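Chain order of the listed sequences is A and B. With our numbering, letter number 343 in the first sequence gets 343, and the count goes up by one each step, no holes. With our numbering, letter number 73 in the second sequence gets 73, and the count goes up by one each step, no holes.
Partial list, computed: chain A residues near chain B (C-beta under 8 Å):
no.: 1; residue: I82
no.: 2; residue: L226
no.: 3; residue: W280
For the record, the hints were derived by calculation from the structure and aren't laboratory data. Predicted model, so just to flag it, every value in this text is computed and none were measured. Beta carbons are placed, not taken as given, at the ideal position from N, Cα and C, and that holds for glycine.
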Amino acid sequence: MAILNVLILVCVLYVVLLFVVAFGADRAAAQGRGSWLASPLVYTLSLSIYCTAWTFYGAVGFAARSGLEFVTIYLGPTLVMIGWWWTLRRLVRVGRSQRITSIADLISSRYGKSNLLAVLVTVLAVIGTTPYIALQLQSVTLSFAAFAETDLAATTLPDMQSTALWVAMGLALFTILFGTRNLDANERHHGVVMAIAMEAVVKLCALLAVGVFVVWGLADGIAGTLDRIEASEIARFEVSSARWVGLTMLSGAAFLCLPRMFQVMVVENENEDHLRTAVWAFPAYLMLMSLFVIPIAAVGLDMMPEGANPDLFVLTLPLMDGRDGLAILSFLGGFSSATSMVIVAAIALSTMVSNHVVMPIWLHFSGGAAMVSGDVRNVALLARRLSIAGVVFLGYLYFRLSGGGTALAAIGLIAFVGVAQFLPALMGGLFWRGATKTGALLGLSLGAAVWLYCLFLPSFGPSLILPQSVFDHGLWGLTWLRPYALFGAEGMDPVVHAVMWSMLINTSVFVAGSLLSFPQPLERLQGAQFVNVFDHSGTPGGWTGGMAQSEDLLIMSQRIMGAREAQALFAAAAQRQGVAGYLPEPSPDFLQELERVLSGSVGAATAHAMISQIVGGAAVSVEDLMAVADETAQIMEYSSQLEAKSQELARTARQLREANEKLTQISVQKDGFLSQISHELRTPMTSIRAFSEILRDTGDLSAQEQSKYASIIHDEAVRLTRLLDDLLDLSVLENGQVVLNTQTGRLDDLLDRAERAAGVQGGALRVVRDRLAEDVELTSDLDRLAQVFINLIANARKYCDGQPPVLTIRPTITDGQLVLDFSDNGSGIPAKQQAVIFEKFSRIGETKAGGAGLGLAICREIMARLGGSVSYLPGQKGAAFRVSLPLEMRLAAQ
Amino acid sequence: MNPERGPVFLARRTYRRRRLADGARLLPVLGGVLFCVPLLWKGGARALGTAEAMFYVFGLWAVLVAISGVISRHLRASDIEEDLTDGEEG
Chain A
1 MAILNVLILV CVLYVVLLFV VAFGADRAAA QGRGSWLASP LVYTLSLSIY
51 CTAWTFYGAV GFAARSGLEF VTIYLGPTLV MIGWWWTLRR LVRVGRSQRI
101 TSIADLISSR YGKSNLLAVL VTVLAVIGTT PYIALQLQSV TLSFAAFAET
151 DLAATTLPDM QSTALWVAMG LALFTILFGT RNLDANERHH GVVMAIAMEA
201 VVKLCALLAV GVFVVWGLAD GIAGTLDRIE ASEIARFEVS SARWVGLTML
251 SGAAFLCLPR MFQVMVVENE NEDHLRTAVW AFPAYLMLMS LFVIPIAAVG
301 LDMMPEGANP DLFVLTLPLM DGRDGLAILS FLGGFSSATS MVIVAAIALS
351 TMVSNHVVMP IWLHFSGGAA MVSGDVRNVA LLARRLSIAG VVFLGYLYFR
401 LSGGGTALAA IGLIAFVGVA QFLPALMGGL FWRGATKTGA LLGLSLGAAV
451 WLYCLFLPSF GPSLILPQSV FDHGLWGLTW LRPYALFGAE GMDPVVHAVM
501 WSMLINTSVF VAGSLLSFPQ PLERLQGAQF VNVFDHSGTP GGWTGGMAQS
551 EDLLIMSQRI MGAREAQALF AAAAQRQGVA GYLPEPSPDF LQELERVLSG
601 SVGAATAHAM ISQIVGGAAV SVEDLMAVAD ETAQIMEYSS QLEAKSQELA
651 RTARQLREAN EKLTQISVQK DGFLSQISHE LRTPMTSIRA FSEILRDTGD
701 LSAQEQSKYA SIIHDEAVRL TRLLDDLLDL SVLENGQVVL NTQTGRLDDL
751 LDRAERAAGV QGGALRVVRD RLAEDVELTS DLDRLAQVFI NLIANARKYC
801 DGQPPVLTIR PTITDGQLVL DFSDNGSGIP AKQQAVIFEK FSRIGETKAG
851 GAGLGLAICR EIMARLGGSV SYLPGQKGAA FRVSLPLEMR LAAQ
Chain B
1 MNPERGPVFL ARRTYRRRRL ADGARLLPVL GGVLFCVPLL WKGGARALGT
51 AEAMFYVFGL WAVLVAISGV ISRHLRASDI EEDLTDGEEG
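Pulled out of the complex, with its shape left as it was, chain A reads as follows (with noise of 0.2 Å):
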C-alpha cells in the first residue's frame, strides 16, 4: 500500500481518537468524575500550544539559518514563566475573579468596561493571528506534499489547496463541537483542553524520537554530533546581539499576549495551585522541544541535497532514510502542533470577536427590547459558532492569497510583535493604577500603526501592498518615514527596528496619555480592583435598583443562561437575602455576581451595558470612589465604622450595667425591708406581749401603774395600725383603686397645713417660705397632696443634718404647671442612693430612725395618680425634692 494512503489513514485515525479524547473527557466532566481532568499537569500541556507547527518545523528551519538564534524563542516564554511571580500570579488571579474571557475582555474590563477598547483589541488580534493560522495549514500540507514526493506510487500529487481546505473544515467542526457546548466563554473546555494535552505529548514524544534517531542513527551518536555540528555553517556563534535581546524579550512578551496563550493560561485555568508545576514544567517541556533542534538542523544540513527546505528536515531526514513509521510519528507531531494552536486561537478570537463585535452590534439593532424578549443564547451561541468559521476561513484565505510562499519563521515573528502591542496596556493595568483608557486606546492605536506599516504590511513584499516607491523613498516622499528606516535608523534588523518602534512610540503614548487624562469612575474603580487583586478580591457594590426590575433581570438572564441556571442563580441568591421565591432584591451585591456570571458568556462590557439598560446606569457611589481613593481612606472608614459600632456596644453595657445595679440594689432593699418590717412589727408586738402579760399575772398592780401599761399597749398597737395603714395604702395606690377628692384651695393654706402637720413647729428645723409666690389658687386632691408635702417636711425635719437646718420650699409656676422645691442644707442623698430613693422599702442609712421606708414611694404614687410628678433634684447643695402638678387636675387623669 503507498505510503500516503497510510498517511491518510493514520491521519483519519489520529482526529478520530482526538474526537474520542475530547467527547470522553467531556462526559468525565459532566459526569463529575474529571478529577484528574483538572491536575497541573493536563494544565501545564495545555500551555504547549506555544509550540506550533512553527516550533515543530519552523525550529529547525530557522536553526538551519541562523543557528543558536532560534533558541531566543523559546527563552522568552521561560524567562516569563520563572518569573511567574511577578505577572502569572496576579494575572491568572485577576481572570478568575473578575471572569475574564479573553485579553481582549481584560483590557476592556479593566479601563471601565470599554467596548471600543475591546474591539480594538479584537480586530489586531484577527489581524495577528489569521497570518498564523494560515501558517499552521500551510506546514500541513507542506508536510503532506513532502510525503507525495516520496510516495513513487502516487500518480497525481496532492492538491496543496484541497488539503488546506479539508484540514481547515475538520479543524472548524472540532472545535465548534467542543469549543462551543457551552455558553459561558469562562466554563472550562474539558474536551478541548484534554485533547490539547494529548497533543502535547505526541508533539513532543514525535520531535524527541527523530531527535534520538537522528544524533544516534544518523550521526553516530553525541560525538559525532558535535562534530557536525562544528563542519556545518551554523557552527560558529554569530548572533546579533540586538536580535538576540530583541527576540528574548518579544518572545516573552507575546507569551502573555497571544490570544491562545491567554486562552489556555488564564481562561482555562482550573486552579491557581497548578501555575506552580506549570512555572517549572513549562520551561522544561520547552528546553526538551528544542534539545535536539540544532543537531537536527545540523544534520540535516550534511545530509540533504542542496535547495532542500529546512523547515521540512524534522519529517524529510526518516523519510530519507527509509523509515516511514518515523515519518509517520513526525507528521503526527507536526499535524497536532497545527491543529492544537487552530483549535485554541480559533475558540479565543470567537469569543472577542462575538462578545465584544457581533452581540454589541446585534444587541444595538434589535434594540433595548430584545434583551427580555429575544433569544440571546442561540444567537450569542451562534455568532460564537459563525466566528470560529469564519476565523478559519480567513486563515484559510489568507493562506490561499498569500500562495504559502514566505519562510515559516519570518510570519510568526511579524505575529508576534503584533500582538505585543497590547503589552503595555496589560502590564500598566495590572500593576499601574492610573493607567487610563485614553492612554491605552492612543497607544494600542499607534503602536499597532507602526507594526501595521513597519512590518506587518511590507512583509507581502515591494508592490503588493505598498509600492516600492515607499520602501525608497518613505511614505510621501518624506524619507524619514521609510518602512525599515523609521526616523532615519537605517540598518537595522527589520524586526528588531519595528519591536523598538512600535513599543517605544506604544508605551510612551501609553503613559503620556494616561498621566494626561483623567479615568471615569468606573475605570478607577476596576482599576484598583486590578492593581489590588491580592488585597482585596470581592468588588464594591456599584449597581442600585429597584424591585421591580428583578423580574425583568431573570428573564434576561433566562435568554442568556438558560432557564434552569439563571432560576437556579436567582433562587440561590434570594435565599442568601432571605427572601422567599425566585426574585431576590437587586442588591448592589446581587447584580455585581450577575453581571460577573453574565460577563462569562457574554463578555464583560456586554454584560455591563445589558445590566445597565435595565436597571438604569450604575450608581458608583462617593462611598465606592472614597474607597478607592486610597487604601487608608478604606481603612480609615472601617476603623470609624468600628469605633462607632464599640460606642454604641459601651452605651448599651453601660445601660446594662445601671440597670442590674439597680435590681442588685432593690433585690438587698426588699431583703433589708423583710427583715426591718417584721422588726417593725415585732417590737410593739414584743411590747403589748409583754405588758399584757404583766396585766394579767401580776396581782398588786397600781391603778396608775395600770392605765400606764394600758396606754403602752395602745401607743404600741397605734404604731402597729399606722404602719399596716401605711403598706394598704401604698397597695392601693398601686393598684389604681384610689378614689380622688377634687377641691380646689390655695397653695399657702395647704403648705401651713403640711408643716403644722410635720410637726415643725417648736423643732429645730425653719422653714423659709416665699409667702408671695404662694398666693396661687390650685385645683388637685388637696388632702393627697398635703399628704406628699407633710412626708418631704417630715423627711427634712428627721435627716437633715445642717446647723442649723432649713428648709427652703420655692414654687414656681410654668405653662399651668406647679413646681415645688423643697430643699434643705443638710448633706444630701448619696449619688448611688439617688436611683432607689423612691423604691418602696428603700431607707437612707441602717441606722437613722424613721418609717419603713415607704414615705416617698407613697409620694411618687400619690403625684402620678394627680398627674404629676416628685423626683430628686440633684446639684443642689443638699436633699432637694422637685414635685411638679397641673394647677388645673383634669377630671380625665383619673
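Use these hints to put chain B onto chain A, whose structure you have.
Then chain B, alone, in the frame of chain A:
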C-alpha cells in the same frame, strides 16, 4: 502602601517564605542576564562555537528549571494572603 508595615521581626517560617518570594522575583532577572552572557564571548579572540554556546544555554536552562521547581514547591500562590502585612511589592 500600608501605613502599618506590620511587625519588624517575623517568625522563622514567614521569614523563609518572604525570602523565597524575593528569590522567585529575582530568578528571571538573573536568568535574563545569564542568557546574555554568550553575547560577551563573541568579541573574544577565539570564535565561539555553536556547540559550546548550546551547552551553556541548555545547562543554564536546566539549572533555572531546577531552581524554579524548588522555589515553587515551597511557595504557594495563596501565601500572600496569609501574611497580608507584606503588602504587594513589600
